[in-house]
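Participant: Work the whole structure out from these sequences, hints included.
Residue numbers (my numbering), protein chains in the order written: chain R, 1 to 286; chain L, 1 to 286; chain D, 1 to 265; chain S, 1 to 265.
Hints may contain errors.
[Unchecked claim] Straight line, CA to CA, 20 Å or less: simulated SDA-like cross-link-like pairs of lysine to any residue:
1. 235(D) to 216(D)
2. 79(R) to 128(S)
3. 79(L) to 131(D)
4. 134(S) to 167(S)
5. 31(D) to 56(D)
6. 223(L) to 233(L)
7. 223(L) to 41(D)
8. 114(L) to 126(R)
9. 120(R) to 124(L)
10. 120(R) to 125(L)
11. 223(L) to 259(D)
12. 262(L) to 252(L)
13. 161(D) to 131(D)
14. 79(R) to 127(S)
15. 140(L) to 124(R)
16. 114(L) to 152(D)
17. 259(S) to 17(S)
18. 140(R) to 114(L)
19. 114(R) to 133(S)
20. 259(D) to 17(D)
21. 235(S) to 163(S)
22. 31(D) to 42(D)
23. 140(L) to 140(R)
24. 234(R) to 41(S)
25. 259(D) to 247(D)
26. 134(D) to 62(L)
27. 234(L) to 244(L)
28. 134(D) to 239(L)
29. 235(D) to 213(D)
30. 262(R) to 229(R)
Since the hints were derived computationally from the structure, they do not count as laboratory data.
It should be emphasised that the depicted structure is a prediction, and the values quoted were computed from it without experimental measurement.
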Amino acid sequence: MVLGAALENAIPFAATHELIRQGRRDLNVIAPISDISTDMLIGAGCVAEVTGAWVGNVSGGMGHNYRRAAESGQPNPIKIWDYSNFSIGMAFFAGAYGLPYIPVKSILGSDILKSNSRIKLAQNPFSDEPEPVALVPALKPDVAFLVVQRSDRFGNSHIWGSTGLTQEASIAADRIVVLADEIVEPEVIASDPSRVLIPGFGVNAVCHVPAACHPAPLIGRWKRDHAFFHVYHKETREPEGFQRWCGEWVRDVPDHEAYRAKLGGQLEELRIRGNAPSAPANYAAE
Amino acid sequence: MVLGAALENAIPFAATHELIRQGRRDLNVIAPISDISTDMLIGAGCVAEVTGAWVGNVSGGMGHNYRRAAESGQPNPIKIWDYSNFSIGMAFFAGAYGLPYIPVKSILGSDILKSNSRIKLAQNPFSDEPEPVALVPALKPDVAFLVVQRSDRFGNSHIWGSTGLTQEASIAADRIVVLADEIVEPEVIASDPSRVLIPGFGVNAVCHVPAACHPAPLIGRWKRDHAFFHVYHKETREPEGFQRWCGEWVRDVPDHEAYRAKLGGQLEELRIRGNAPSAPANYAAE
Amino acid sequence: MPPSKPPSKPPSKPEYSTQELMIIAAAREIKDGERIFVGMRLPITAYGVARLTHAPNAVGLFESGVVRYEPAEGMLYTMCDGPNQLGAAWTTGLIQIMGLLSGGRIHAGFIGGAEIDRFGNINTSYIGDIDAPKVKLPGSGGAPDIAAMAERLIIVMNHQKHRLVERVDYITSPGFLDGGDARARAGLAGAGPQVVITDRAILRPFGPENELHLASIHPGHTLDEILENTGWALKSVPDLGETAPPSEPEMTALHRIDKEGFWRG
Amino acid sequence: MPPSKPPSKPPSKPEYSTQELMIIAAAREIKDGERIFVGMRLPITAYGVARLTHAPNAVGLFESGVVRYEPAEGMLYTMCDGPNQLGAAWTTGLIQIMGLLSGGRIHAGFIGGAEIDRFGNINTSYIGDIDAPKVKLPGSGGAPDIAAMAERLIIVMNHQKHRLVERVDYITSPGFLDGGDARARAGLAGAGPQVVITDRAILRPFGPENELHLASIHPGHTLDEILENTGWALKSVPDLGETAPPSEPEMTALHRIDKEGFWRG
Chain R
1 MVLGAALENA IPFAATHELI RQGRRDLNVI APISDISTDM LIGAGCVAEV TGAWVGNVSG
61 GMGHNYRRAA ESGQPNPIKI WDYSNFSIGM AFFAGAYGLP YIPVKSILGS DILKSNSRIK
121 LAQNPFSDEP EPVALVPALK PDVAFLVVQR SDRFGNSHIW GSTGLTQEAS IAADRIVVLA
181 DEIVEPEVIA SDPSRVLIPG FGVNAVCHVP AACHPAPLIG RWKRDHAFFH VYHKETREPE
241 GFQRWCGEWV RDVPDHEAYR AKLGGQLEEL RIRGNAPSAP ANYAAE
Chain L
1 MVLGAALENA IPFAATHELI RQGRRDLNVI APISDISTDM LIGAGCVAEV TGAWVGNVSG
61 GMGHNYRRAA ESGQPNPIKI WDYSNFSIGM AFFAGAYGLP YIPVKSILGS DILKSNSRIK
121 LAQNPFSDEP EPVALVPALK PDVAFLVVQR SDRFGNSHIW GSTGLTQEAS IAADRIVVLA
181 DEIVEPEVIA SDPSRVLIPG FGVNAVCHVP AACHPAPLIG RWKRDHAFFH VYHKETREPE
241 GFQRWCGEWV RDVPDHEAYR AKLGGQLEEL RIRGNAPSAP ANYAAE
Chain D
1 MPPSKPPSKP PSKPEYSTQE LMIIAAAREI KDGERIFVGM RLPITAYGVA RLTHAPNAVG
61 LFESGVVRYE PAEGMLYTMC DGPNQLGAAW TTGLIQIMGL LSGGRIHAGF IGGAEIDRFG
121 NINTSYIGDI DAPKVKLPGS GGAPDIAAMA ERLIIVMNHQ KHRLVERVDY ITSPGFLDGG
181 DARARAGLAG AGPQVVITDR AILRPFGPEN ELHLASIHPG HTLDEILENT GWALKSVPDL
241 GETAPPSEPE MTALHRIDKE GFWRG
Chain S
1 MPPSKPPSKP PSKPEYSTQE LMIIAAAREI KDGERIFVGM RLPITAYGVA RLTHAPNAVG
61 LFESGVVRYE PAEGMLYTMC DGPNQLGAAW TTGLIQIMGL LSGGRIHAGF IGGAEIDRFG
121 NINTSYIGDI DAPKVKLPGS GGAPDIAAMA ERLIIVMNHQ KHRLVERVDY ITSPGFLDGG
181 DARARAGLAG AGPQVVITDR AILRPFGPEN ELHLASIHPG HTLDEILENT GWALKSVPDL
241 GETAPPSEPE MTALHRIDKE GFWRG
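Facilitator: Now the structure itself:
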């Protein structure tokens, strides 16, 4: 499953938490970079495989749970499928748009070619000279969770700001779950069809979850909670520390509404109150 | 050169006309579908090669100049590189993003594989069973002309509505020329960086040409001039008819300003006067 | 599903044009909830009729980069026209839309053609030799992609002997290629052409060879006339019938879509 | 180009932190008008300093899908933070941005690493064996893509014996591989690492083997100390000098970017 594909913003932490609470096991977590989301799931024992380019803590550096799982199999061993950001992007692109694989040059020379047996080295058949290419096969996740600024009740969604691989990863997935910061009338979305990243006909579920991205930012809605990332980094150095942290912030919190209530004023301080509106685009046909 | 990549809207006819007036020769015109733009250039003797998926007249059917050039070498023989829309899209995508080629399945079974010697048939190396794929090499045009609704003086542009292959074709090109329906202050573009399709740092020239798309439509700005396409179809049935049409509407018209003046009230009737504004997106960070 | 036949009338001039019957027959091929790849011209109108009648939840995709739920208000000459974009579900790029097709997410697609052969292969490129064609047609557009990748293909074209031929000069858009399982062997997805709607009849593939057979005759046309106007020895399906004429709701829907009467002639 | 050296001072405690000197040394590697691939953390700040000083027309690209002309107002913890997106030149997807890199359109890129070897290969993945690593590092992000495809590479990292090693355990991001022309033979574009900025010195490739050589020593540091803290027999370039300390305008620019003093410690 894809848990966030925008890199460091719009990460669906609310879904991460719920997967932990439900005690999910043996997940193959796919995310190019999803800050501490993947590290949390690993620490909680939900993960069998990680497919991605980076797992850590952008503010703090290392992801302690990821380290422990890879170095000493705690809480369980994980299989790591290494990609670079561009090559996982091409894998999603191929998966989304029906291409069996994509020839990529940007991971030549990297030992990713050694540690990820999915990727094959070949020669460019259009070149008379030897010209190596790395063939990255299509990646087709079962489900993608994504956070959007606003959606209608059918899943037609508006996203703005940088989107990383959100579009390709979502379209590549069999099922899409939208976590919407705000639910709006269909007319609001239809007023700007070019701002739709994923159309509603491909969306399987729409959940209204304000601040689903916390502690990651959501453009125009929520600032990044830098301190939260630092605290996580400090408190999860030891497995016991992670279990304590996970109990307090995930397992003992019944749902995201309770999580928001627990954050209280800390969350309110992250709420973006300013207004920097986009210039309107006119879609009139007459 | 790419002359329009949005299919049937935002076609840079003003550039088409100017190329004819300048008496350009031996062009390789690249356009998935650009309605009658390619047919005009062929009739005017500007074209040596056509790379695309469709050349005709969307309202009328056949493009008479294209037919004559292919059937009887009038006014000169042309080399045709056949693609489907998706395969030329993949060729642009590969050219834009540094991929040597893309394996495509959607032109299997088509004689495009026979008439376009650029495309190679191969086997999917990830499949144990025989599984054919068509390898489409990267396409890297010298220059792309595109029409945008608004641009700042640096070429940072906003485009909305369907865009076809505009982004991939432009990024694949060495040089980009923007024909802007309106020039706005940089702040207008910067108010909505997600509506930018091509950033200004890649743009080589910005021209302020209102209705550069006529007779094609531009979303929110100009309606399609259906009658103009029908008249073109009727009047260009014979080579003499085309020369007459081309004299009246292109060669004897000094520039696009004069073209707009000649259209006069006919153009004013196509101007979109209504307002169907997009809902604002908030980019505030605080 | 075709609606039940209205009371029989003399087969002279019905109250609909042949073009209108073709559009309505095409609309009937769209099932509710399906994602349909809509080409230019006639199919845009057929989609609109289907959505207003039996398929209110169909989704229409246009290869330029448009997705619509509600049909556009007013007549469209091209899929890129303003009315097709105002209030669309999605306006985006070609790759995003045709990629869904390539990714196997599209239930059906429409295409037309200048020539079709008995295995449903379509030519919109070259009549005669590629290097010195007798007629150079406009080309493929996205038709090969649709023909290769949609779950099934709906073909609409005029029924003339030089159009329905034994073997097309050039396969722009593959049907069943040489028939039988040639299509699957070539690596193509989907079930291929499942219906050919002409101005005289409806053809469907039948039997293990996937050869196109006559499936129903439009009111006012005869078997002999159809055989005369088909370039191969056209066989019929066992339950050959008459194409159901347009119903009242179908005609109402069509007139709502085709306000300017473009298809009435 | 480094600014001319200010009057010499005792090599005790300069009025800048080592981190600040590193940022400013990195900023000096950016030429005006260049398109620079900006990684996370320190390079974001270096780009901001360059743009406010000698490179006002540089363009900064962030792999998540952001392009900026003006540096963001205020400190960024990640490239996706709101201040980096407000007023950006472009906010888009990763493929659009990293594709420009892959397409050879980017002049230089920044990366850092846990380990680097004498041929400029970088490891940010595994220390020890891949299957049973002693240390599992966060991984590559977009660094291999940047290392492979940017016209040149700017590397920033801390200078310790266990970090500057004879041979990295795992090449996350390729430098000159085995040295000489191995990089070109592997199919990589661009000139590879052209500078390594550490907290003690600046290293650059030198000679036909493209081995990293000591190019300048930061004020307050010594050759012996540097050799002791390098894991291979580090050679020096013929014109080995001292790294120019930050100028007044450079420090002013840095403090404008780093309002919270994140890099002052």
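Participant: Now, for every hint given, state plainly whether the structure supports it.
Facilitator: Status of the hints after comparison with the structure:
no. : hint             : result
1   : 235(D) to 216(D) : holds, 12 Å
2   : 79(R) to 128(S)  : holds, 17 Å
3   : 79(L) to 131(D)  : holds, 9 Å
4   : 134(S) to 167(S) : holds, 16 Å
5   : 31(D) to 56(D)   : holds, 9 Å
6   : 223(L) to 233(L) : holds, 19 Å
7   : 223(L) to 41(D)  : holds, 17 Å
8   : 114(L) to 126(R) : holds, 17 Å
9   : 120(R) to 124(L) : holds, 11 Å
10  : 120(R) to 125(L) : holds, 9 Å
11  : 223(L) to 259(D) : holds, 17 Å
12  : 262(L) to 252(L) : holds, 11 Å
13  : 161(D) to 131(D) : violated, 24 Å
14  : 79(R) to 127(S)  : holds, 17 Å
15  : 140(L) to 124(R) : holds, 17 Å
16  : 114(L) to 152(D) : violated, 25 Å
17  : 259(S) to 17(S)  : holds, 15 Å
18  : 140(R) to 114(L) : violated, 32 Å
19  : 114(R) to 133(S) : holds, 15 Å
20  : 259(D) to 17(D)  : holds, 15 Å
21  : 235(S) to 163(S) : holds, 17 Å
22  : 31(D) to 42(D)   : holds, 18 Å
23  : 140(L) to 140(R) : violated, 29 Å
24  : 234(R) to 41(S)  : holds, 19 Å
25  : 259(D) to 247(D) : holds, 18 Å
26  : 134(D) to 62(L)  : holds, 14 Å
27  : 234(L) to 244(L) : holds, 12 Å
28  : 134(D) to 239(L) : holds, 17 Å
29  : 235(D) to 213(D) : holds, 5 Å
30  : 262(R) to 229(R) : holds, 16 Å
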